[in-house]
Amino acid sequence: MRPALKISFLILILCLALHTAAAQAAPAKPSPEPKYDKTAEVVIKGVVDDVIQTPGAKNPEVHLMVKSQGEVLEICLCPGKFLKEMDIDFAKGDQLQITGAKVKRDDKTVILAREVVKGNNTLTLRDKEGGPVWTWLMKD
1486 MRPALKISFL ILILCLALHT AAAQAAPAKP SPEPKYDKTA EVVIKGVVDD VIQTPGAKNP
1546 EVHLMVKSQG EVLEICLCPG KFLKEMDIDF AKGDQLQITG AKVKRDDKTV ILAREVVKGN
1606 NTLTLRDKEG GPVWTWLMKD
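Numbering-wise, my numbering puts 1511 at position 26 of the sequence shown, and it's gapless, one number per residue.
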C-alpha cells in the first residue's frame, strides 16, 4: 500500500471512530430535582421582592424571591398551572410566612415550600412528608 493511501486510510478510520464515540456519548442530564428534607425544614416570614417563572419549561415553575431578615431567599413553589388552578397569585410586596426545606439546587441554597400563608389564606404545596400535592394536576 502506498504511504499516501495508508495515511488516508488511517484518517478515515480515526474519523469513523470519533464519529461513533460522539454518537454514543450520553447527553447531558439536567440536575435532578432535590428531595424534600424534613430535617432541614424552616419557617420564615418575609416580603415578596420578585415573582419568577422558569423560562422554557412545559409547565413553568413559580419561584419567589423573598426578603427576610436582611437577605433575599429563593422560594421554589410549584408549577404555575397549580397556582392558577387554586386561583392564587403572588405579587411584589405580599407579606408571607413560608414553611419549607432548605436544599441545594444547582450550587445554591433554595427553599422548597411546603406551606405558604398569605393573610388569612394557607396554601399547602406539599404533604407532611414533602411530597408535592400538585401531581394529580400534571398528569395531563
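Hints should not be assumed to be uniformly reliable.
Unchecked claim - Calculated cross-link-like contacts (lysine to aspartate or glutamate; reagent style EDC-like; alpha-carbon spacing at most 20 Å):
no. : residue 1 : residue 2
1   : Lys1593   : Glu1526
2   : Lys1569   : Glu1526
3   : Lys1577   : Glu1526
4   : Lys1603   : Glu1518
5   : Lys1569   : Asp1535
Said to hold, decoys possible - Okay, the calculated beta carbon distance ranges per label pair:
no. : residue 1 : residue 2 : range
6   : Pro1519   : Lys1569   : 30 to 38 Å
7   : Ala1576   : Glu1556   : 19 to 27 Å
8   : Gly1555   : Thr1620   : 29 to 37 Å
9   : Pro1545   : Pro1519   : 17 to 25 Å
10  : Thr1524   : Lys1577   : 15 to 23 Å
11  : Asn1544   : Thr1609   : 26 to 34 Å
12  : Ala1576   : Asn1544   : 30 to 38 Å
13  : Thr1539   : Ala1576   : 17 to 25 Å
14  : Lys1569   : Thr1524   : 31 to 39 Å
15  : Lys1577   : Thr1539   : 16 to 24 Å
16  : Val1532   : Trp1621   : 30 to 38 Å
It is worth saying that the hints were derived from the structure and are not from the lab. C-beta: ideal position from N, C-alpha, C; glycine also.
Now the hints, each set against the structure:
1. Between Lys1593 and Glu1526 the CA atoms are separated by roughly 16 Å; this keeps the pair inside 20 Å, and the hint holds.
2. Only pairs whose Cα atoms come within 20 Å are accepted, and Lys1569 paired with Glu1526 is rejected, the gap being roughly 26 Å.
3. Distance check on the hinted pair: Lys1577 and Glu1526 sit about 24 Å apart at the alpha-carbon level, beyond 20 Å; violated.
4. At most 20 Å may separate the alpha-carbon atoms for a hinted pair to count; Lys1603 and Glu1518 exceed this at roughly 26 Å.
5. Taking the CA atoms of Lys1569 and Asp1535, the gap is about 18 Å. The hint holds against a cut of 20 Å.
6. Between Pro1519 and Lys1569 the beta carbon distance is about 24 Å. The supplied range of 30 to 38 Å is therefore violated.
7. Taking the beta carbon of each, Ala1576 and Glu1556 are about 20 Å apart, inside 19 to 27 Å as hinted.
8. With their beta carbons about 36 Å apart, Gly1555 and Thr1620 fall inside the hinted range of 29 to 37 Å.
9. Checking the proposed 17 to 25 Å range against Pro1545 and Pro1519 shows it holds: the Cβ atoms sit about 18 Å from each other.
10. In this structure the hint that Thr1524 and Lys1577 lie 15 to 23 Å apart at CB is violated, the actual value being about 32 Å.
11. With their beta carbons about 19 Å apart, Asn1544 and Thr1609 fall outside the hinted range of 26 to 34 Å.
12. Here the CB-CB span from Ala1576 to Asn1544 is close to 21 Å, at odds with the stated 30 to 38 Å.
13. A beta carbon spacing of about 18 Å between Thr1539 and Ala1576 agrees with the range 17 to 25 Å that was offered as a hint.
14. Our hint of 31 to 39 Å for Lys1569 and Thr1524 holds, since their Cβ atoms are close to 32 Å apart.
15. Hint check: Lys1577 to Thr1539, Cβ distance near 18 Å, so the stated range 16 to 24 Å holds.
16. A beta carbon spacing of about 31 Å between Val1532 and Trp1621 agrees with the range 30 to 38 Å that was offered as a hint.
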